[in-house]
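If you read the sequences in order, they're chains A and B. Position one of the first sequence corresponds to residue 1 (full-length UniProt numbering), numbered consecutively onward. Position one of the second sequence corresponds to residue 1 (full-length UniProt numbering), numbered consecutively onward.
Derived by calculation from the structure, the hints in this document are not laboratory data. It is possible that some hints are incorrect.
As the list claims (entries may be wrong) - Stretches of chain B that chain A covers, calculated by requiring three or more beta carbons in the stretch to come under 8 Å of a beta carbon on chain A: (1) 65 to 75; (2) 84 to 96; (3) 99 to 112; (4) 115 to 127.
As the list claims (entries may be wrong) - Label pairs and their calculated CB-CB ranges: (5) A/200 to B/113: 17 to 25 Å; (6) A/156 to B/150: 58 to 66 Å; (7) A/132 to B/166: 54 to 62 Å; (8) A/85 to B/147: 44 to 52 Å; (9) A/300 to B/147: 18 to 26 Å.
The C-beta atom is built at its ideal place from N, Cα and C for all residues, glycine as well.
This is what each chain is made of:
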Amino acid sequence: MHTVTRPIIIFLCICLVLLLLFPAVGGPFYTELVTKIMILSIFTISLDLLIGFTGLVSFGHAAFFGIGAYLLAILFNEVEHINYWWSLTLTLSLTGLAALVIGWLSIRTSGIYFIMLTLAFAQMCFYFFFESPHFGGDDGIFLANKPEIKFGTHQLIDLENEHHYYYFVLAWLVGVYLFLSMILRAPFGHVLIAIKANEQRVRALGYSTPHYKLVSFVIAGTIAGLAGFLEAAHTSFVTPAYLGWHESGMAIMMVILGGMGTLFGPVIGTFIVVLLQDFLPNFTEHWKLIMGGIIIGVVLFLPNGIAGLIYSISNRFTSSQKEHGREHV
Amino acid sequence: MSEIILRTEHLCKNFGGLKATDNVSLEFERGKVHAILGPNGAGKTTLINLLSGELLPSSGRILFKGYDITDARPEKVSRIGIGRSFQKTNILPGFSCLQNCWIGAQSCLLTSMRFFRPAKHLREVHRRADRALQICGLSSKRNQIASTMSYGEQRQLEIAMMLATEPELLLLDEPLAGMGSEESQQVTALLKELAKEQTLILIEHDMDAVFSLADRITVMVDGAELETGDVEQIRNSKAVQDAYLGHQEDAA
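With the sequences and hints as input, model every part of the structure.
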């Protein structure tokens, strides 16, 4: 059970300040890129709730990302004059509903069967959009008009302005992080973490564990839908590839690389993977080999991911502080 | 004669052709320690698993305070006041002692589907977890990670987790299994303490512990009840000696 110690809080605050300042120095290209990374981070954080805290390895999490993205596109193209907040509410509820159905059927199984079932459901969703000409088929679908984010009559966010959207997404990322930290500190989160450690025992202590797993699955799916929604509004374009197993696999990799069961680890993992994908091709065309090597290295030498490394550094901090304290006493 | 808290009627459990539990009808009195003895493979753990809902019986009924709980699943059984400990240590290894008990204590909430307030602000949960640790003598180890404790302490924690749910009836599956004599004495003392206020159903191999703790003893052989009686009766029973005590002495 990870507790967020003071050095970690300071570390996270520094990261937040850096993210707040970044658009001032980053230039338009990198501001766009970091926006995209933050949206993906919302997606990987939600997967961490399942893999890192509930012990459910979902190999189909991208389905909810894709469903969220498609719902925004469909709502904006089919429903006239729909308001941004209404489409957000509808998207989140419908993604949550999809997660409820898929989760209800999947959590009956565990281990490898759960992985296979979630993968199968995600592939079903993938082929549904891939083969429906009405939704653009394999070409994907464009948003006919850009959504306008208004608060009352005041335009809150100008989507053409990359700085506006950057801060909008950053606010969502921080909000999702705080929301998940809150539920993990609440009684609900304690039960989830215990289920991951020893489900049989938690049942014997009086908890109907399938219900808890299902609620966790729905929360994670809904947040993934939020990420898809933000991404579609960002690019004005949705493709079936969003739902593919490749996306799900990448997300699992980012969670493991960053450190599962920590919430902030997956964000770091997402940043590293996407930035490497961006930088490495400049040096060599065999960059995927290097990428693979880095991932193997991290998994072999940092079993708890990069967050694990940060934790051990911060523990050294706190223990040396304690020793200082003792000297003073 | 005092109240019957738990009763089984013609309880059977078959695994394929094997009758793991064969027509067992037992009555357990409130406030007593009822031990279940039997050689390996006699079906003691199967019986506990049936009572706690881990397994569903093939036929027969289980009544807790007059209510039929035959088909109840483990979480339901725990909720209505039957706690159990496991033969194989079954704790949350990466958690501290307190956190282990916490999960049990949290079951005092109507539901743990609570998302907003931090769990550490719940006073009743604190009280229960602290009490369970105190009874088991683990108060000083409350912040120690469970997997770093000695085997004996882990066995005590196993019992503390169950106590944190504040059950009316305790099912203990070999609480002394695999312990050294010193640890074993400690846990026996703990069980004696529990027996003062609680109803215990105890499965145990350790004869001395059973004879010193139990009010009533049931001896099982091949899934069936061989004999039930008080300590003296069982000690002197010819059938029991043949079936069980005799074997042990031969082996020794």
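To see whether the hints hold, each was checked on the structure:
| no. | hint | verdict |
| --- | --- | --- |
| 1 | 65 to 75 | holds (count 3) |
| 2 | 84 to 96 | holds (count 9) |
| 3 | 99 to 112 | holds (count 8) |
| 4 | 115 to 127 | holds (count 8) |
| 5 | A/200 to B/113: 17 to 25 Å | holds, 20 Å |
| 6 | A/156 to B/150: 58 to 66 Å | holds, 60 Å |
| 7 | A/132 to B/166: 54 to 62 Å | holds, 56 Å |
| 8 | A/85 to B/147: 44 to 52 Å | holds, 48 Å |
| 9 | A/300 to B/147: 18 to 26 Å | holds, 23 Å |
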